Each structure stands twice: as structure tokens, then as C-alpha cells.
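What follows is each chain in one-letter form.
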Amino acid sequence: MAITKRQAAPLAKQTFEYAPAPEATDHIRIQPRYGLFVGGRMLEPHSKKRFPTINPATEQKLSEVAEADAVDVGRAVAAADKAFTSWSRLAPSLRARYLFRISRLIQERARELAVVETMDGGKPIKESRDVDIPLSAAHFFYYAGWADKLEWAFPNRRLRPVGVAGQVIPWNFPLLMLSWKIAPALAAGNTVVLKPAETTPLSALLFAEICQQAELPPGVVNIITGAGKTGSLLVSHPAVKKVAFTGSTEVGKLIQRTLAGTGKRLSLELGGKAANIVFEDAPLDQAVEGIVNGIYFNQGHVCCAGSRLLVQESIAKPLLEKLKQRLSTLRLGDPLDKNTDIGAINSRAQLEKIQGLVASGVEEGAEIYQPECRIPERGFWFPPTLFTNVSQSYRIAREEIFGPVLSVLTFRTPAEAVEKANNTPYGLSAGVWTDKGSRILWMAERMRAGVVWANTFNRFDPTSPFGGYKESGFGREGGVHGLLPYLELT
Amino acid sequence: MAGKRSTRPSPQTALARNSRDRVEVRKTYKQYVGGEFVRSESGRAYRPDGAVNVPRGSRKDLRDAVRAARGAFAGWAARTAMNRGQILYRAAEMLDGRRTQFIELLGGGRKAREELEQAVETLVWYAGWTDKIVQVTGTVNPVAGPFFNFTIPEPTGVVGIVAPEQPALLGLVRRLAPALCGGNVVVALASETMPIPALTLAEVLATSDFPSGVVNVLSGQRRELLPWLAAHMDVNAIDAGGCTPEEVAAIEKAAADNVKRVVKMPAGELSPHLITAFMEMKTIWHPIGV
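Taken in order, these protein sequences are the chains called D and A. Counting from 1, position 156 in the first sequence corresponds to residue 156 in our numbering; the numbering is continuous, with no gaps. Counting from 1, position 87 in the second sequence corresponds to residue 87 in our numbering; the numbering is continuous, with no gaps.
Since the hints were made in silico from the structure, they are not lab data. Hints should not be assumed to be uniformly reliable.
Said to hold, decoys possible - Covered by chain D, according to a simulated footprint, are these stretches of chain A (three or more residues, beta-carbon under 8 Å):
1) 30 to 43
2) 88 to 97
3) 243 to 249
4) 277 to 290
Claimed, not checked - Just the calculated beta-carbon pair ranges, DEER-fashion:
5) A:Gly75 <-> D:Glu215: 38 to 44 Å
6) D:Pro425 <-> A:Ile288: 41 to 47 Å
7) A:Arg47 <-> D:Ser360: 51 to 57 Å
To be verified - Restricting the straight-line Cα-Cα distance to at most 25 Å, the calculated cross-link-like pairs of lysine-lysine (DSS-like) are:
8) D:Lys253 <-> A:Lys264
9) D:Lys229 <-> A:Lys264
10) A:Lys264 <-> D:Lys241
11) D:Lys241 <-> A:Lys253
Quick caveat: nothing in here was measured; it's all calculated off a predicted structure. Each residue gets a CB set at the ideal place from its N, CA and C atoms; glycine is no exception.
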């Protein structure tokens, strides 16, 4: 039945509230306590120590996980070392088979993994369901295919795997970062010991089950849990030949220093302070969506987040109006609700870091804008925040906040935009919005960043290499380039 | 006029009738910084072979060289690949043109001749790579969505090169050429015990149309210069292929201050992977739509 004009008028004035749309959790089985996945089996930790992992949206304990000590790390590395001999000699096409299996198992258990990821980390279910888990499966599928084609990737070279890889990953995309690390390592014939972040260990422990289901040979993948101490024991273990780390620039530098002179291979994917540049000829509505996706995706817990918005002066006013309007429509709340845009901050420590940096922004003289939004009583939350009147010297314009906080700066000429965009020790990603093709290429050429998104932002794909310039790290993950850190070429 | 002796000697009389009588015009060896041949700002010199004075470069010389290199980076990186290839090829021409001089500097004989030949060949080989490296190592990536996505290598920036002690010419050329080929700018430390070939190579580079500051060559003591090169916050990568294990460890430690790339490929390596070792992969996304 068509709606008449008379009926439509009051409808248009009405505000529609979203009804709760919670994702079911009754099919999820989280064990009360977990051991360490070593040599294909779940082992009791030698340390006998465990620590809780909580749901940051409710502060309720989900499970207790083991805190691996030096003996536990030693056992895991020994298991990986033992498995290396047979795994590296296994017919490459058979290595591929296992990786294809893992990819399929991730797809089969996708919803379970998505829900656990959201419960343990606080990210909106629509993101874990539509981004994290599908990309994880895709990553394994992509590198599975490389396992028996490596000689086509690096012609005229003799290839061999490096050995045991010690991999330490962050809490912002737990299963996806695991996939970025494990898939290329295994495809190239290495074995791994991986340590997930202490606040988000659960999806990695579910992945351990998947390795068992896939009947992956014991010791090829080992998962140990713990905090920074465990990570440091892992990367400095003498039998670890290759270290891959994703996390803060501060810890990355520490690892680079620790590994000095050891001959270990190292790849680092560190922090960022990306510029997202909007020119006056950009389609504004699309740019607004891109800006929102750039900084408020995953609560801004994204190393490549577009945390510095550079707007051409002539359109700063209308763009900011649209952006503020759009911010007021973002829904913050229960991460398990399918309509939620902004979930919980991953941990209390991270929340305090964000609060501290935001306070510094206000103190240094920037103008803060936060839309009205209801903050749940329990859990860790931070409203989407926007700063205008920001000078390049402010901490909020220089330091990685890793939260839903955007700093807005302006520019007049393309040269000024480039200058400001590159005025950072980081160089992970950058964004540019303009209708002019030649300008996109001109900008893309000049921005010192490993990934440039033009008229889009925060896109990822297993075929697309990802990684930084300057202090954002070295080495690439994804694509054929992502194999290099895990191969010795002679 | 005949028979009358001039009180001033004609220029001809200074010319030697035979080589035994000749008084050689000696060369003062200098460092090459920002396109100029300079003494060390410290005023110091050392005599590695016990005879010839060679500038003993200082921390400040190093900083000057890095500043000159950084200033030259954008321009050099923006040159077309073909133009960079032509300039590297010209360096090969200039080096080949001075073959007699270099063979003599390297001690003469078959070994010296071979080193010179290989140095020329290295420059020619990398000259040909400038416009192929992107094609060989770049990719177009078939992402699962309506996007055009491609990856290209770009120069990493200022590269510090520590030349191996031996071979004094070839060791440096083998690292200089791939770094320059990819569009980087270079601050090189010459062999400490045999710096003359490197300082003479600088004369070759100076006449090869490299813009000022693209290549800088310092001489002096490694233990004095290396820590500052490794820790310099505006150096993006260090080639430690010519270093001892102890030096590599010290470089790697200091390199962490600004997450420098430390390249350790064997000094004899000739490979496109050595070019990309001094390059960054940049990936660009753009939507496809009407």
C-alpha cells in the first residue's frame, strides 16, 4: 500500500529507535580455563600461572588462560623446532592441503569465531563477522595456493624456509593478525610459535582447535599465551630464527634492539598516524563515510587508522558540519548487537591512554566535539571524538592514540598537504579524496606511506601487501611480497 | 736578441726532459659532500698507507653529508628511471675512461684489472635495472572487490653504506650502484685502510651528472663514524654487508632508534633483490566504478 503524502509527513518527523538485535551466543562454548597449545596438544603450563581474560563490554571474566614462563616457551619452541624438519621437507602440495583445510575450517566455524572475537575484544559483531573472520579465511586460502608455487615467485633463486618463527600479535584484530602471521610462514615451510595479546587470547586458542581438526602435524603451529614477558622470552629464544611482530613502535624498537647481532630475521608492523586528505573537489558525502570508516572503524584501534584529517580550507566548514552530523548517528553500545557501530574499548589500560591523550588535546588548546551518546554503565567506552583547531605540534596530532579520536587540520595547496601528511616519523598508510585522477597519482607518489587509499580507506585483502615506511616498521604482509620475510633466498 | 738570457724562466724549462726529473703535481685527497670536494671540518687527516694524507672525517662531516643527501633525495627519486639509468651508465663510462689510473691505484696487475672491469660491469648492470625493477618486483593485485590495486617499489631514502675494507673499489661500487639504482641517496664510508680508490671514485661520480648530494663519500675511522651513522635519525637504511659481526651488532642496536633497515646481504651479491632491499613497497587502492 502506498504511503500518502499526509501519512508521510508525520513519519518523516518521527525518530526511529533501533530495536536490540543481539547476536546469539548460546552456541559458543568457552572453556573455563585454557592451557598452552604445544606439539599438537593442550598442555598444562609449567608456570602453573593463569590470568583472566574479560569481556571489555561487561568486565565479566570469560575464561582463564595460561601465562607461559621460560620453560613453557622453551617447550613450544622445541616442539616447533622438532616439527620443522619434517614440515619443511613435506611435499609443498601437501603443505598446501593443510592450509586449504584450515581456511575451510575457519569458514565453517566463522560465526563462532566472530562471536568469540567480539566477546573477548569488544569490537562490533558486524565487523568481526564481515571483516575479521572472512579475511582470515581468505588469507589462509591465498597462501595455501602459494605453498607449491614458490619457485614461480622468486625465479633464479634457491629458496628455503627460515626455521622456527616466533610471532607476537596485537589485540586489535586477533584472528586476522594470527592469519597474517601463520599463513605465509607455513606456506613457505616454516613452523611457528605464536603469542596472542594478553587481552584477546581466545580466538587463537580456538584456532588451536582448528589446527587439531585439520590434523596439522603436531608442532607446526604452537600457541602460547601470556603478556609482554612471555613475548620477550619468545623473541629472544635462541632457536627462534625469525621474529615477526605487530604492535606499538615502542615495543618494536625494543625488539629490534634485543635482536641486534643475533642474526635473526625480523619483520615489524608498528604504529601509524595516517593523514586522510580531502580536497575541495572530493565527493563530500563519500569522503565523510571514508573519514568515519578511517578513524571510527574498530573504535580506532587500527594501526593504519586515518587519525589526522587534512581538509582543504575552502571546504572545511561544510565538511565538518556533515561529519559532525554523521557522528551523531553512530551507535555506540553492546558489541554483540548487529546494529552497533562503535563497540567497547579493548581494555581499561587502553581507555586510560585514550583519556590521557584527549585531555592533552583540550589542554593544548584544541576544540573538542563529541556527539551526545549514552555510555553503558559497565565496561570500557569512549565516544567518537573530533578535534578541530589542532596544531601540528599537539600530541593528538603527533602520537598514535589508537582510539576513536580524530584530529582535524587544514591546508591550502597540494604541496602543503604533502608536507603535513609526511610530517611524522610514521609511514604506514595515507588517504586522499579528490575527483581528479592526475592529482591522486601525484599525491600517491609523494606520500611516504606503505598503503595509500585513494577515494576509499581501510581496505584489506590477502593479495594486497601491507606494511610501513620509516618508523612504522619493515617487511610486508600480504601478496607475493608477504612471502619474503619467511624465505631465505640464495 | 739571440744569445741574451731571460731573467725569468720560460714555462718550458719547468717541464721535465725525462720522467726522472719531473716534479709531480700531487693531489690533495678530499671527501665528497654535497657535490663538493672538502677537507674534514675537523681539519684532521690520517695516513693509511703511511704517506698520503687522507681526511679523517668527523661526526659533523657525517651530519653535513646526511643533510646534503636528504636535500637531494626528492629530486633524485623524482628523476625518471631512464634518466637514473643513463647517469649510472655515464658513471661506468667515466670509470672505464680512467682505467689506467684505477688499475694503478689498486696495485696494478691482473687482480687490479679484474677489479676495475667488474666495477665497470656492476655499474652497467645496475644502469640497466633502473627501468626494470618496478616491472619485475611490482604487482597488480587481484583483490576481492571493485578496486584497482597495485604495488610498486619506491626508494627508502637516505642510505648509509659501509664499504668493505677490501676490495676497496669494487666493494663500494657493488653497494652504491643498487642503492642509487632504486632512487636512494647515499652517504658512504670509504674503506678505512684503502680510502684512495673510493675518494677517486667520487671524482668519477662527480663527472657523471649525479645531482649534488646524491652520493657523498667520507673517509676516516670506522669506529669514529659508524656509531653516528647507525644512530642518525635521518638515515633510513644501512648497508652492513661489509661489516664485521661486532660492527653489525652495534649497528643493529643503534638502528632501532628510528627503525632503520639494516641490509646484510653478502658483499659479493649482484641481484635485483639488493635493489629492493633499499626500497619500500607501496600499495595503492582506488575504487572502480562509473
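Here's how the hints hold up against the structure:
no., hint, result
1, 30 to 43, "violated (count 0)"
2, 88 to 97, "violated (count 0)"
3, 243 to 249, "holds (count 4)"
4, 277 to 290, "holds (count 8)"
5, A:Gly75 <-> D:Glu215: 38 to 44 Å, "58 Å, violated"
6, D:Pro425 <-> A:Ile288: 41 to 47 Å, "34 Å, violated"
7, A:Arg47 <-> D:Ser360: 51 to 57 Å, "56 Å, holds"
8, D:Lys253 <-> A:Lys264, "19 Å, holds"
9, D:Lys229 <-> A:Lys264, "29 Å, violated"
10, A:Lys264 <-> D:Lys241, "15 Å, holds"
11, D:Lys241 <-> A:Lys253, "18 Å, holds"
Hints 1, 2, 5, 6 and 9, counting from the list given before, are not met by this structure.
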